[in-house]
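Peer 1: Numbering-wise, the working numbering puts 489 at position 198 of the first sequence, and it's gapless, one number per residue.
Please note: incorrect hints may appear among the correct ones.
Quick list of simulated restraints, FRET-style, between CB atoms [what the hints assert, rightly or not]:
id : residue 1 : residue 2 : range
1  : 690       : 296       : 40 to 50 Å
2  : 719       : 505       : 46 to 56 Å
3  : 718       : 626       : 51 to 61 Å
Since the hints were derived computationally from the structure, they do not count as laboratory data.
In this text, a Cβ means the ideal position worked out from N, Cα and C, and glycines have one as well.
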Amino acid sequence: MRISKLFGKTQREMPAEADTISHQLLLRAGMIHQVAAGVYSYLPLAWRALKKIENIIREEMDTAGGQELMMPVLQPLELWQETGRDLAFGKGLFTLSDRRDRKLALGPTHEEVITQLVRYNVQSYRDLPLLLYQIQTKFRDEPRPRAGLIRVREFTMKDLYSFDVDEEGLNQSYNKMLQAYHNIYSRCGLPALLVEADSGAIGGKDSHEFMAITESGEDEIIYCPDCQYTANTDKAQSIKYKTDSEKPLPLEEVATPGFTTIEQVSDFLKVPQSHTLKAVFYIADGKLVFVVIRGDIEVNEVKLKNTLHCIDLRLASEVEVIDAGIVAGSASPIGISGIKIVADDSITSGANFIAGANKPDTHLRNVDYPRDFKTDIVADIAQAHAGEGCPNCGGKLSSTHGIEVGHIFKLGTFLSEKLGAFFIDPNGVSHPIVMGCYGIGLGRLLAAAIELNHDDKGIIWPLAIAPYHIYLCPLYLENPQVATTAENLFADLKAECLEVLFDDRQESPGVKFNDADLLGIPIRVIISPRTLEKNSVEIKRRSVKETELVPLEEIVTRLKELIRV
RNA sequence: CGGGGUGUGGCGCAGUUGGUUAGCGCGCAGCGUUUGGGACGCUGAGGUCGGAGGUUCAAGUCCUCUCACCCCGACCA
Numbered sequence: 292m293r294i295s296k297l298f299g300k301t302q303r304e305m306p307a308e309a310d311t312i313s314h315q316l317l318l319r320a321g322m323i324h325q326v327a328a329g330v331y332s333y334l335p336l337a338w339r340a341l342k343k344i345e346n347i348i349r350e351e352m353d354t355a356g357g358q359e360l361m362m363p364v365l366q367p368l369e370l371w372q373e374t375g376r377d378l379a380f381g382k383g384l385f386t387l388s389d390r391r392d393r394k395l396a397l398g399p400t401h402e403e404v405i406t407q408l409v410r411y412n413v414q415s416y417r418d419l420p421l422l423l424y425q426i427q428t429k430f431r432d433e434p435r436p437r438a439g440l441i442r443v444r445e446f447t448m449k450d451l452y453s454f455d456v457d458e459e460g461l462n463q464s465y466n467k468m469l470q471a472y473h474n475i476y477s478r479c480g481l482p483a484l485l486v487e488a489d490s491g492a493i494g495g496k497d498s499h500e501f502m503a504i505t506e507s508g509e510d511e512i513i514y515c516p517d518c519q520y521t522a523n524t525d526k527a528q529s530i531k532y533k534t535d536s537e538k539p540l541p542l543e544e545v546a547t548p549g550f551t552t553i554e555q556v557s558d559f560l561k562v563p564q565s566h567t568l569k570a571v572f573y574i575a576d577g578k579l580v581f582v583v584i585r586g587d588i589e590v591n592e593v594k595l596k597n598t599l600h601c602i603d604l605r606l607a608s609e610v611e612v613i614d615a616g617i618v619a620g621s622a623s624p625i626g627i628s629g630i631k632i633v634a635d636d637s638i639t640s641g642a643n644f645i646a647g648a649n650k651p652d653t654h655l656r657n658v659d660y661p662r663d664f665k666t667d668i669v670a671d672i673a674q675a676h677a678g679e680g681c682p683n684c685g686g687k688l689s690s691t692h693g694i695e696v697g698h699i700f701k702l703g704t705f706l707s708e709k710l711g712a713f714f715i716d717p718n719g720v721s722h723p724i725v726m727g728c729y730g731i732g733l734g735r736l737l738a739a740a741i742e743l744n745h746d747d748k749g750i751i752w753p754l755a756i757a758p759y760h761i762y763l764c765p766l767y768l769e770n771p772q773v774a775t776t777a778e779n780l781f782a783d784l785k786a787e788c789l790e791v792l793f794d795d796r797q798e799s800p801g802v803k804f805n806d807a808d809l810l811g812i813p814i815r816v817i818i819s820p821r822t823l824e825k826n827s828v829e830i831k832r833r834s835v836k837e838t839e840l841v842p843l844e845e846i847v848t849r850l851k852e853l854i855r856v
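Start from the sequences and build out the full structure, keeping to the hints where you can.
Peer 2: So this is what it looks like as C-alpha cells:
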C-alpha cells in the first residue's frame, strides 16, 4: 500500500477528546473515527489490525474444535423475556419496534438465539458436545462509553458457546477454551492474566476474566503474590481481620449526641471501627434491605446482589430509610421487624460491638450476634482490599488494574431449561444441555494491545497484529536513484507477498520518521542517498533502538527472517 | 441518573466591560528555496461561532431552553 493513497491521515496534535493512550494514538494515527459516543468507524489500518486479531481468534477456535456460524443482530424481545434476561440487561439492551410494532432487541450477546438454534438441532447425547461460535457485531447501551475502543456501545465480539451432556463435559470444554484463550493472547503479543470473576448479567457459576494488566484499566484486580490467587474485586475474598474474642457483656445504651457516622461514633466512644456494626440500606428490586457489616469493612455490591438474587440494587435514599421507620444515623438490627436483614459474616466473630439503638442520638454497647438480633442471611458481602489476608494461603493481598480482554462463563443449565434445549441420554432420559460461553471483544483487545505496546512516539505493534509488517521509507524521493530503488524494492517485496506500507510521499525525513513511529509498523526500511552509497538499505525495528545496514541483494531474505520470528 | 467540563474552518486553540470585515498555529492547494527526526518564504481556499428562542441600535460575547461530546460517580460487562 502506498501512503499517498492510504485513506486516513496522521495528526500532529493531541486530540482533545481523548485521554486514554490507546484512544489518543488511534486517533492521531488516523485509524479510527468517532461517530457517536461509543460508536466508531475503523479506517483501513485499524481494520487490517482487527482482521489479524479476528483471524488469530478464528484459528484458535477452529483448532479447539469450534464451528463458526452466523446469527442475527436483530432478535425478538420475546426471546429475551423468555429467559428473563431482558430485565438482567435492563437499559443496557438496545430495543426497537418494527412497523407492526413488534418489539426487537439488538443482540448484546447471543445465548438466547443459539440455545434456541441448538434446541432444534440437538436431540440426543450423540449430538454432543458442541462448540459453536460467531464473530459478530453486538450492541450494548453502556451507561458510560469511555476510553475510545475500550468501552463502546457497538463492537465486534467473538462468542463461543459450548454444549455438553454434563458438568464433566462442561469442564472439558471450559479447559479447551482456557487453553485457546491463552494461545490467542500470547499470539497477539498481549500478556493476559486469568482472574476469578463475577458472572454479572450473563449469569452462571464459575467465571474467569482475562485481564491485560495496566494502570489505565478500569477493573481492579486483587491478587496474592505468594500463591496463584487472582480475582476481580467484584468477586475477591479476603481473610477479615479478626477482633479479639471477648466475654459478652450485657447490653447497655449510651448517648451519642449528634454522632451518626461510624467514624464519629468510634472516635467519640474511643472504640476501634472494627468494634462497631454499620447499617447500610439498599433497595433490592424495590424492597428495602437492611445490611449489617462490621464498621471497618465496606459492602461489595456485586456480592450483595448475588446473595440477594436480585436484578436491581441501589443504595436507599434517606427518605426511603426514614419512611421505613428507621432512625438514620442510629439504625440498629436489634428490634427491627418486617425488613430483610443481611449480615456480612464479619459480625459472627467478636463480641461487644457498638451498634445503633434505633433511638436518636443513642447507640448500644456490647451488642452480640446472635444473642441480640436475628438475620435472614449471613454471607460474605465484603469488599476485599490489598493488604488483607489471601483466602487461599493467608499471604498479603496486593491489587492492580486491568482491562478485561476476555470473559468465560460456566453457564450451567438455566438457559437450556428455560428455552427447552434438552437431550436424551443413552437410557432414554431427558436432561437439559449444560452450557458455557466464552467472549472476546476484538476492538477492546486491539486497544489493550496498544495500551501495553507503545512509547511516547506512538504505537509499537506486535508483529502478529500489525496492519503491515514493513514500513518502506525512502528519503529524498526526488533523487532518481532513491526513487528507482524504492519502487523496485516495493515491487520485489510485494512479489514475495510481504505486507508493505510504502511511504511514497515527498516529505522531509522528520515527518516520515515521526509518522513511522506513530503508526508503529514493526520493521522500518530506510532508503536514502547515504545508504545507497554503500549499496545498502537501513533496517530498524520499531521495538528496538539499533539499526542495521543490509546490502540491497540481501534485503528480501533479511526481511523474511525478521518476519518469521 | 447525580456532579464537573467543553462546543468557534479538517485538527488544536484565542476572541476583553456586547461594537466595524471573527483571529492564530497545524493541516490543505499552488509556486519557489530546502532536506537523516515534524524546514522556510510567498500566494490562496476553507466559518450556519452546536441548535432554537429572546434581550439590544448592535450578540461568538448577555438571558432562557435544548442538543452533542468528554471526565468523575452511579450503573453495566
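Peer 1: 40 to 50 Å was suggested as the range; check whether the CB atoms of residue 690 and residue 296 agree with it.
Peer 2: About 48 Å separates the Cβ atoms of residue 690 and residue 296, which means 40 to 50 Å holds.
Peer 1: Between residue 719 and residue 505, does the beta-carbon spacing fit 46 to 56 Å?
Peer 2: Check passed, 53 Å falls within 46 to 56 Å.
Peer 1: Against the range 51 to 61 Å, how does the distance between the Cβ atoms of residue 718 and residue 626 compare: consistent or not?
Peer 2: 56 Å, holds
Checked against the numbered hints above, the structure violates none of them.
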